[in-house]
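*Asks:* Chains as they are written, first to last, in this note's numbering: chain A, 1 to 405; chain B, 1 to 405; chain C, 1 to 532; chain D, 1 to 532.
Simulated from the structure, these hints should not be mistaken for laboratory data.
The beta-carbon is built from N, C-alpha and C at its ideal position, and this holds for glycine as well.
Some hints here could point you the wrong way.
[As the list claims (entries may be wrong)] With beta-carbon atoms standing in for the labels, derived distance ranges:
id, chain 1, residue 1, chain 2, residue 2, range
1, D, Val22, C, Ala384, 22 to 28 Å
2, C, Tyr377, D, Glu36, 35 to 41 Å
3, C, Thr14, A, Leu309, 32 to 38 Å
4, B, Glu371, C, Pro324, 23 to 29 Å
5, B, Gly188, D, Val168, 36 to 42 Å
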Amino acid sequence: EQVTFLGAGMYDHYVPAIVDAITSRSEFLTPYTPYQPEISQGGLQVMFEFQTAMSELTGLPVSNAGLYEGPSSVASAGYLAMGATKRSRFVVSRGLHPHSRETLATYSVGYGAEVVEVGLDGGVTDAAALAAAVDGETAAVFLQSPNFLGAVEDVEALGAAAKEHGALLVVACDPMTLGILKPPGEAGADIALGEGQPLGNRLDFGGPSFGFFCATEAQIRRMPGRIAGETEDVDGRRGFVLALQTREQHIRREKATNNICTAQALNALAAMVHLAWLGREGFRELGELLVRRTAYARERLAAVDGVELLHDAPVVREFAVRLDAPVDRVLDRVAERGIAAGYALGRDYEEFDDGLLVAITERRTPAQIDELAEALGAAIAAERGAKVADNATNAPQSTSERVTA
Amino acid sequence: EQVTFLGAGMYDHYVPAIVDAITSRSEFLTPYTPYQPEISQGGLQVMFEFQTAMSELTGLPVSNAGLYEGPSSVASAGYLAMGATKRSRFVVSRGLHPHSRETLATYSVGYGAEVVEVGLDGGVTDAAALAAAVDGETAAVFLQSPNFLGAVEDVEALGAAAKEHGALLVVACDPMTLGILKPPGEAGADIALGEGQPLGNRLDFGGPSFGFFCATEAQIRRMPGRIAGETEDVDGRRGFVLALQTREQHIRREKATNNICTAQALNALAAMVHLAWLGREGFRELGELLVRRTAYARERLAAVDGVELLHDAPVVREFAVRLDAPVDRVLDRVAERGIAAGYALGRDYEEFDDGLLVAITERRTPAQIDELAEALGAAIAAERGAKVADNATNAPQSTSERVTA
Amino acid sequence: MTLAEAPMQRERATTIYEKSKVGRRAAVLPDAGVPETPIEDLIPANLLRGEPPNLPEIAEPEIVRHYNRLSRRNFDLDSGFYPLGSCTMKHNPRLNERVAALPGHARLHPAQDPRRAQGALELMWLLQESLAEICGLPSVSLQPSAGSHGELAGLLLTRAYHADRNEVRTKVLAPDTSHGTNPASVTMAGYEVVKVATNQRGGVDMDDLRARIAEDPDQIACLMLTNPNTLGLFDENIEEIAALIHAAGGTLYYDGANLNAIMGRTRPGDMGFDIVHLNLHKSFSQPHGGGGPGAGPIAVSERIEPFLPRPQVVRREGSGGPGPGFDLDFDRPRSIGRLRGFQGNFGVFVRSYAYILSLGSDGLAETSETAVLNANYLKARLAAGRAGERLPVAFDRHCMHEFVLSGRPMKNELGLATLDLAKRLLDFGFHPPTVYFPLLVDEALMVEPTETETKESLDAFADAIEEILTEAEADPELARNAPYSTPVRRLDEVRATRRPVVRQAFGAGGGDGGAAAETDFDDATSPADSDA
Amino acid sequence: MTLAEAPMQRERATTIYEKSKVGRRAAVLPDAGVPETPIEDLIPANLLRGEPPNLPEIAEPEIVRHYNRLSRRNFDLDSGFYPLGSCTMKHNPRLNERVAALPGHARLHPAQDPRRAQGALELMWLLQESLAEICGLPSVSLQPSAGSHGELAGLLLTRAYHADRNEVRTKVLAPDTSHGTNPASVTMAGYEVVKVATNQRGGVDMDDLRARIAEDPDQIACLMLTNPNTLGLFDENIEEIAALIHAAGGTLYYDGANLNAIMGRTRPGDMGFDIVHLNLHKSFSQPHGGGGPGAGPIAVSERIEPFLPRPQVVRREGSGGPGPGFDLDFDRPRSIGRLRGFQGNFGVFVRSYAYILSLGSDGLAETSETAVLNANYLKARLAAGRAGERLPVAFDRHCMHEFVLSGRPMKNELGLATLDLAKRLLDFGFHPPTVYFPLLVDEALMVEPTETETKESLDAFADAIEEILTEAEADPELARNAPYSTPVRRLDEVRATRRPVVRQAFGAGGGDGGAAAETDFDDATSPADSDA
Ligand SMILES: Cc1ncc(COP(=O)(O)O)c(C=O)c1O
Ligand SMILES: Cc1ncc(COP(=O)(O)O)c(C=O)c1O
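Bound-form chain A, shown alone:
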């Protein structure tokens, strides 16, 4: 099996065996949405516990029970913001995941919003440009922290512009970093959301995972997706039900706050079990472990001849470097050693076509990191050699024939 330093939103974490043991139980695996609460208390209580966990992570009081995945959650936040502000202009940081930006754009064509992008400076969102871009027509400002380049954004500072103009501040985040980073809610976010895969879910070539979506009290009746609520039964017993169904398509139809029906309940359960397994202390410790191993990896790679940091902003678990050799060819060479060195930033950022995004998890040992550094160094050296040869005889490199993704 390949040793992977690929991240870009989905990460190769260790998932404890109890996650499978619990999610594979028929009682969780085979029922549908808990429309009949009397016989669905298990699933409903899991939703309630999950909502509590996500609310704790993000520092926002209201969480739903999960959406499809990250990028479509961003698009749903846009729809909510339009309803909440009666405005239709989005200001989006270029640090937001490219898939999120593209999905938001796709949806915007439908519900009729305009998307304005703000660039990066030194790896983080250009604060001045952002402030300039936000105006009285702006429905929401979209940030991501850590952003796609792994850089931790100063959400609080950047968010000021949004507050000033009455726009909602939407922050996409990596849940695994929230044991370390200030919760978006504390930094002024109105909505915090993101891709849930790092919590208890397999890579599965990209899905199924889930999206989490948290907001302020003010938005509770505009939330997308299922929400479990605590209540009592006729005998006064504590119980849980689907709350605020009056937001939903099956009740409100064309007036619903979102069109989602089947979501990702089982994946949210996996996340809850993983979080319970990590626990309050373990979750923070894992965050610290990621920060330290990532700092180590960043240093090791920066020391490699032909590798330099793409930015030196603070990072938690992922960072970007520039390679002094064609990234695709270097990736190919390193892959021959059973290592996926990372994500080629050129896929999404023409300005970073020499960029490589490297992700660290607790499964990536210091020894593997050392091997990556060594392999990268060797590959770059080899490519430089090949280049020289190239220029001599203009023979095309077979390794350059690659199916681009």
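Starting from the known structure of chain A, arrange chains B, C and D with the ligands on it as the hints suggest.
*Replies:* Just chains B, C and D with the ligands now, with coordinates in the frame of chain A:
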């Protein structure tokens, strides 16, 4: 993964996914012996259903809920026979699995029985020798069908001697063959038992699996192991309990009919689920498939230069051949092609040191069988060549350095 | 403790947070194995978190017990009959779980170089081909995450298609029987919904349809149809409907939630549909998971193909390696773009493709035939008994895979609401049908047995309905106060909407659990209403 | 149907045979792909079966439902507290299940050439080394399948050891507190049991021991001891006991079922034991599986080693390959031979070794310390309450990992038998302790909490006992008729022994279900008695 033709008592069958799905449920995986029937009806009913299935397979009215595995079940049958007949002499066919014969011998030293072995003739038990060996002191006659060489024994005919002298007839059998072969009970066996692994259990390098043990009504109070029985509760509801506990060590202590306590309940459940999955028709069809593919394989191999049948007695799913080249070396050569050609009979039968035992399951396709034939032919030819070379220059073959098992 | 009280009723709901104790834990993490630099030296303090989040503090044994116990407070498909109309609660073969869990699938990173993900891409391509064949349409995108996501995709495709022809259309037609996600998707896609009436036979009212079109032909962007529709009835005029919509220049959208009725027997493409979504978690046996995951692939006609989402899985002849290669094609200039991250719910694709392979094309046809047979058998069983009078079928025709009953007579004559019947069914060990949907049927009960149920299950269900109606004739209170045997009994859903408590309160910091101000619409509709 | 009736009580037991219908099936087999020769042409008709066995005819959905429903009729360790004395019902880490299922383990054929099974053999060798270290003895055989199998092995080893010295000894000493398997194994090994009395402190009565030995010193083959014994008490005279037995020329056998009390704190080898069996399904977390599988490896002293069963897993330096190799050693001339087929319950070895690796030696010591602490805490909790008078501890000393209460006062004063208390505990959601064992304690209750239980579980259990005793003071009938909330209530166990029905009857051929004649001993002891 290697394509294996190894059998010798444990077979590489396809186990349906529902077996794992059911046996991995905590409610089956984590409780202990059902001493408290009110909260153990699940496990007790499974035992009852399992007993019914084994009783149906063997054609004997009484089955227990399972013992450790095959050979120790044979030894337990010996202990039962001594108690039932007040005699202490066992007559054992050499066709009985070598592990069973050795285990019976080990136990016999303890409970003080004498073991007399009867040889094979043409692959099956020497009827005359058997008849001669059985006498008025004989507690039990032990046969296996299909025997270790894969040959189907005429249990009825061989058993006559036992009947005549009032000895118990104990027949070890492969449960997977009982959709095809006459049930031991119908052939006069007093006890039918065997290794349960082929039913729903992994190979697991030899365990855990389970042993099944069925007998006539007459022996019900001498049975070893747990037995579930049907009864009623105070409200007249149908229920199940551990029946005949008065045979057992926890009640009878030194007078118990056996010392077994923890057995292999979960493995018996796996067998029951597998049998339910196969079903009445599927179980017979699988037997027919085994008979036909085995007949095909036997023919293909017999046609290979340097291979001849070790016996031509009827077989169900395993057969024996002789190789005109050192078996171990041939196995090594074939193994290099990712095939385990079978079991070297020389391990247990000096008289068959050129013998190879080949097992077929539904997972062994005709194509794999053809490849085996081809590989065996090539390996034998190569060895003959090597031998010639050998004799010329007395160079030792590195392939002959093998850790013997 | 009353003797009678069922153990689960005795056991009051306790959350995992309430079970946690300071200092307990399950996870033991590896050492970082690198310098223990203070975090503050690596990340500025103002960006750091103060207190860790209040996650549970609990060890593995209690985690396992907690969730195992919770699981027993669920009724699931493997517990019994689950005729939840429109949801196709068919058996989930465990083989599919096994193949989906193979490391080559489960551990494959979504950003893996396609040249090193050929197996996964080939599976996706083969699934696309199979679904295209099943739908009778040339092209498929697997990207949408569920049915409603597919609907949105279909509407965005419609918009792109018209825009490409420099047309701007604003209206989407949908029958009054349509599923809630249809109108919700229409609004989300920036269109206006125009309701079309249902005729006496439960199909689209053709006159009304013509009228709606006539009002403003060149504003008609699309007609969204479910066929068989949510009444379980196949629309006899489908070809004429298609002709009318196409003549008006609109697209015809097929809500495939009911595909289980027609697989291998007829194809949306042959009926004239331009865009189809399928629910892999319904027709193709992906387990429902308590509300997902699912997947909602879309199949489209040639004229829609250019606008499909990016990336598309494609097969390229001789791309370097031996034989054809599979790849992700991003180079689609007219595409509507992405609908989500990466390539879709791949794990669901594996299960669904395994399901298709297990059945083969004959098996799929047999699946639909049996689903329809089961529905008609149960419909007939019910018509014969008391249900015949108290719970008449809403539209008395042969149904497809499901049928809809009306509880109106039961309500008028016995004072029993459909909800009461549903709750009483819980005591008999059945999951109730979908209730109060479709909206045009008064006190509706929507029953979908699926092909994987035995005659015994269907009979037992019919017998239970009969018994409930019988006991109600004697004493309607019995059902009105049901259920009795469930862990909790009727729950106060209005309160959960009026004053929602949506998270655990932790006293300090935890807030009051998110009680929110009431709003005008909070009980516009009784929360008791629920549907698929 | 009474409203109160718990759903599981309403659901009457129905076997899978009763659910089957002719022609139904789950399995679809591949074609043989070879000539369809009639079976009669391949096997003589007189050796063939007539009718196929009456196996169920049922499809996968109903198989899954059947066994899922049955599973819910079990109380399991993951449902709640399971203080079944002597059985060490500790949490079963799910990680162990995952590693045991790895294909390299699960799909390895037992007859595989050892050179191609090096991983499995190395794991077995490492486990042998670990267990040897834990026991303080040089050699280990993993072959025995469970504890009682290990006991038999130990006695056969003793016989071989003496035979090797041309001694014939006939008697095996065992305390009256010994577990039933001990005397049963003794008889099976051809020895005679000699009971040794228990003293006031719950240990071996030294005078009685001396007397028994004195009777016939050179007939003493072995003393079987559990230490801590089944009273949960550590024998203070263990060294003197060892000396006496060794002086008499006997072997000292350690029943390791209670190892969970001493791991990493003291070692049987250091106490002078010659032979030890361990129960991997107790101390080393192999799930109990409803009654197995388990494994009962034995550790032995140098003088016993030559007689160990065949084959032994050995490590050979430089056997061809690079580094040491692992092999199965059959060349053991003085071995007692095989006790079973192949190499033992390998799957259990994988789980147990994973458990040992997860804990490490410190973790194992902590395990035993916590097990002992939990037992003493619960013992103290109970002594404080009503149990203090009604259910006094049988021997009032600090206990090890378990302790034994006597229900005698409860019976005399409240008319409540230990069995009644046990049944009432079921209504409170607890598995009862082991009852009526050890035999020398009147109305015994044997309580083993294990280290994986929380203080809350222990407190809840103590509270339940208090509540039951309180309610019994008011109305003893309550407990005498318990349980009330279980799927079935008190079952007629005597009938199940007097007229056993041990299989499903199928009318024709199926026989009457195996009713058997009564025998003299069928209720020599009340079947209500049960133990670990
Ligand atoms: C008729 C119909 N259309 C659409 C949907 C929405 O599908 P999904 O829940 O997969 O979003 C459903 C499912 O509930 C449905 O029944
Ligand atoms: C003290 C004691 N000895 C021996 C045994 C027998 O062990 P096993 O059940 O593994 O055969 C047990 C288990 O019940 C026991 O508790």
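*Asks:* Quick check: which numbered hints come out false for this structure?
*Replies:* Of the numbered hints given earlier, the structure breaks just one, which is hint 3.
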